[in-house]
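This is what each chain is made of:
4 protein chains.
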Amino acid sequence: MHMSSTKPFRVAVAGASGYAGGELLRLAARHPRLEVGTLTAHSNAGATLGSVHPHLRSLAHRLLEPTTPEALAGHDVVVLALPHGASAEIAAQLPDDVLVLDLGADHRLVSPDAWERFYGSAHAGTWPYGLPELLHGDGAGSVTGRQRDLLAGASRIAVPGCNVTAVTLGLQPGVAAGVVEPTDVVAVLANGYSGAGRALKPHLLASEGLGAAAPYAVGGTHRHVPEIQQNLGVAGGGDATISFTPTLVPMSRGILATVTARLAPGVAPDEVRPAWETAYADEPFVHLLPEGQWPSTAMTLGANAALVQVVVDAAAGRVVTVTAIDNLVKGTAGGAIQSMNLALGLDETTGLPTEGVAP
Amino acid sequence: MHMSSTKPFRVAVAGASGYAGGELLRLAARHPRLEVGTLTAHSNAGATLGSVHPHLRSLAHRLLEPTTPEALAGHDVVVLALPHGASAEIAAQLPDDVLVLDLGADHRLVSPDAWERFYGSAHAGTWPYGLPELLHGDGAGSVTGRQRDLLAGASRIAVPGCNVTAVTLGLQPGVAAGVVEPTDVVAVLANGYSGAGRALKPHLLASEGLGAAAPYAVGGTHRHVPEIQQNLGVAGGGDATISFTPTLVPMSRGILATVTARLAPGVAPDEVRPAWETAYADEPFVHLLPEGQWPSTAMTLGANAALVQVVVDAAAGRVVTVTAIDNLVKGTAGGAIQSMNLALGLDETTGLPTEGVAP
Amino acid sequence: MHMSSTKPFRVAVAGASGYAGGELLRLAARHPRLEVGTLTAHSNAGATLGSVHPHLRSLAHRLLEPTTPEALAGHDVVVLALPHGASAEIAAQLPDDVLVLDLGADHRLVSPDAWERFYGSAHAGTWPYGLPELLHGDGAGSVTGRQRDLLAGASRIAVPGCNVTAVTLGLQPGVAAGVVEPTDVVAVLANGYSGAGRALKPHLLASEGLGAAAPYAVGGTHRHVPEIQQNLGVAGGGDATISFTPTLVPMSRGILATVTARLAPGVAPDEVRPAWETAYADEPFVHLLPEGQWPSTAMTLGANAALVQVVVDAAAGRVVTVTAIDNLVKGTAGGAIQSMNLALGLDETTGLPTEGVAP
Amino acid sequence: MHMSSTKPFRVAVAGASGYAGGELLRLAARHPRLEVGTLTAHSNAGATLGSVHPHLRSLAHRLLEPTTPEALAGHDVVVLALPHGASAEIAAQLPDDVLVLDLGADHRLVSPDAWERFYGSAHAGTWPYGLPELLHGDGAGSVTGRQRDLLAGASRIAVPGCNVTAVTLGLQPGVAAGVVEPTDVVAVLANGYSGAGRALKPHLLASEGLGAAAPYAVGGTHRHVPEIQQNLGVAGGGDATISFTPTLVPMSRGILATVTARLAPGVAPDEVRPAWETAYADEPFVHLLPEGQWPSTAMTLGANAALVQVVVDAAAGRVVTVTAIDNLVKGTAGGAIQSMNLALGLDETTGLPTEGVAP
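Residue numbers (this note's numbering), protein chains in the order written: chain A, 53 to 411; chain B, 53 to 411; chain C, 53 to 411; chain D, 53 to 411.
Simulated from the structure, these hints should not be mistaken for lab results.
Since we're looking at a predicted model, the values are computed, not measured.
Every residue gets a Cβ at the ideal spot worked out from N, C-alpha and C, and that includes glycine.
This list has only true hints and no planted wrong ones.
To give a feel for the contact side, a few chain C residues facing chain D, derived at Cβ under 7 angstroms:
#, residue
1, E260
2, A266
3, V270
4, T310
5, T349
Here chain A stands alone, though its shape is the one from the complex:
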């Protein structure tokens, strides 16, 4: 589509005042092939970007406009960083030849039934799923492809949920290789507060969060559950069930996903790690750490990187994986740009930092 041009791709961001929109802009501002176009907002329309994102110095003087199809016209790429429901509505009014990336959930789920059960509204249809590293398995232990092959030239992309990215990347090699059972998966996550967005809710106050760890959406109610099951189903070629518990811990960014699954019958412990080694040997943004080194969210701050470790607990009969990502980068805006690069025919890694900001 836009492949061979050397002039920059103009990108508009709808919902630029939120955390996801802001992070998209942080990365876009340093992307060598992007030019930042229109920025829109809802209640902040009329304000400067500097007043809501004072950390984005080079764009501080930009004005936020109301979110309308007209404001978003004339761009090569439109990124929708809007509340669930809002993105489908605006997306329907954008031209087909514009690349639209939805950071919201509206177009992620294939199953209308799952959508309606977890989101309580009519399904808006499914877009190509923007997780390039997603393995496609044949259900017999072989990988038949990766999601990135479906993203080249796409004009609509549904960017995954942040928790979903962490859990999927952590466990999918074992599911695809058949070394773990995709049923009875258990995932418990430590989550930074930026994942909850800028909503003004009492439990999101610093006074409440500092010094506290607390769960939310316990017992299978979190909206990321069907999306994880969908991904593990793609990787494994069958059904998956998961017990999923996110917990808020006192950090602004980051997801640490501890995911365990039962070792498949007849699989020897030393057959496990090779599945992860093979899956991620050539991935630019997903790194299996050396044996004995465990990921920390601090290693990924600001980086488009997922760090993974895996070990077998033979006594418990389970494989344990731990994955760290920055929820706003690999979990949202960085993942979006990675998929955008693929859709635009750019090198997948263009403009994406892999070095975290640590300590």
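Put chains B, C and D on the given structure of chain A with help from the hints.
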């Protein structure tokens, strides 16, 4: 033994310069029946308590002595807050009629084999286990007793590990009632840094820990694993297996334990919560929160309290429990004083705060 | 007034759902002479206390009533933990023989002009000021009394602002003794988020506050400025001026006040520390640390304690003092109970913990 | 020297295992004109960079060598990230035509006397000072130049201390313009823990730092005091005195410097802000925020940016400035690369991010 006296019980603390010893003193200083006697330390011997625990104002001028049997003589109670291995050695030299509480692991495990596998040294023998709320089950869904009955008049008490207390209190009602399977339990914990003690290790630096979540002792290697299995075995009357993963998160105190177990075959979801209600209806320090309210570690800071919630995830076939404690209070020093009260014939709740310091 | 009774004093708390009200209740629940009576709230009226303060286990089932004079009737003590302005209104409707403590600002300032300039409303009058340790100086280097003498038997008490307590306790010995100049004082504070209360404002979100230090109310606009000047005026017998800058840092509780003042002409550096030693030698809750040990807010968490250190920077010509308090305890609720004890004729230290919860 | 080449400049880092060295590498890895050469370390020699800086993915396999002149030979640029004292020794053995940047203090101070008083060793000589924005004033209210003019073509550069950068950038416009007095300056800083480096000291543990604010090096003893005085002297053309108090607060990165100085006699409040506007109008990395917006350290995380605000407190007779930087970027490694760019004849902004990672 010391039952009817109205004069105070004199308590000595060996290892008073560590976090567990300091917390024991914080509680002891306000306990109406205790008088703080000798305080000992290793490298800090000769210093004032105020120089190592400046928050303990009323004891700031006390001197720390070297840890010897002579220094510990002449007390009604001796609390050992020493590294694993050290407590067994000193305990062997204390008179039989003194109440000795070991905050270390040396006398917790019944199985010499488990001890040797996880601690790599000779087993020092088993003491009465200081978790008053521990259920004793018959393996057929009935509770036959509680651990507190074994603590009255005891002269030696092994205080449980902090993680063990959180996991056990969270899951044992279901195990004892037979509504969950004790095999294939999965526990993931968010842990504050004080649980790691005052050791000078790079990964325990504030620069590394702030903004970070990271696991440790993954894959069944943590020394609390056999102790949890032992407790669930007592509650359930059979074997238990657990996948156990602690993670350090940026808070100084607190454990949030997310523990899941498979719903037992044939058990209806509405049979689950009653097991927890029954188990904790009369417990002074373990509280099942109202339905829909989830525990946060912040609710327990400084308090001898365990807050528990439980829910059934029918789609995943698992019961999910979340328990919050202060690792240094209900998880260590408060639990010790609770058991001490029982052993001394005092009311179990004497001197123990149940109100947390929040926010 | 209520002096010799051995039956408990019944205390009502208006505004029990806020942080100050909650902390008052935490302390009241363990105070040997208090009985917690009516609890009122505004938007939370009708809810249980456990739903807003889940850490207060023993009071979890109490119901919050609307704040009316009728609801507050029939108590020995009424504590007003209400927004500025609201407390004066309700206080005017309470009987004269009830002890009323106002945690808000309405009755702190003597100067109607200062009140109107900083609060923008009509002055409600001045109550006895509830800082027992406040020195009264003669302006010639001698202390003529302490504020506690004015609190015995009082029936109305204005509890000081939290920042004011920290700054006053840090600097007043030097001002009273005439070793520092009360003009050109500079105070910069590190403040925990609970000081901002439970208001839902974007900059108070955990996502914004974690990893961040940021000032607020810079340049002499903070409402605590005239109150500090008033106190230093009482201590010094003359006018005081102060540059005051609070900064929010990522902790829930605590104030660390770094306060500097010019060394008075002709004062030798070794004349400085004795002023602090003398001022606080007999104070139960204000502690001058040994030379070389500096206060940390962590040392005061949950305790009614102010830790102070002082040093002379001869090259800069300034005395530097640092004071740590828990803003909700010595800075608010603990200070209130301390004054209440005095007013009721109880020992000043009754029911007040001096041991902090650390680490 | 290296001006016109289009081939990359090879940079060696001595002391690559520390925080400053790691941050230099994070920036160097994305700098379009740099190639990372030899990396050296002391106790970590022999290890991979990935084992000490797991966040630096692209350099994870690099080996750390012992720090010797031979290992550092053959590079265009050598960055010394070594303890004070060590850098002078190794620098003396490097060729004159290699650009050497010292992140340590050894070559910052002009006055041998000040060096000896604060560092207790023999002065190693003075190098061009690497703060490009440092104003040179004539002492009569006019700016005669900026430090960047002295850095073009330099082959030795002394990179400033992190606190020094924050305080200097905050106050120097007023000093140079003569609107504030350079004597009796008061600075209080909120500091993240990474500024203390990786040293294993008890007060740097996460358990101690979480929830705590605490001062250090109080009373004029901090080694950055003479360096600040030197800079304010350059800006103002005369002597400066400062009361300087750093405080550790619970964040890993960032410095928030609150700096106040007396309004100069006869200066009207509205003459103040223009001094800052003029000084920073064309600076790429120092930003005076719009009136009413105050800097937060979170706005600068990972960015080579200093955010400044200034206000007059007429009642106190003081100008108050607040400056936020990332201590490891603008405060250390980013500032070093900025000066390196100037010395190499590159655009000053090459390879330096101005967008912070927020929230």
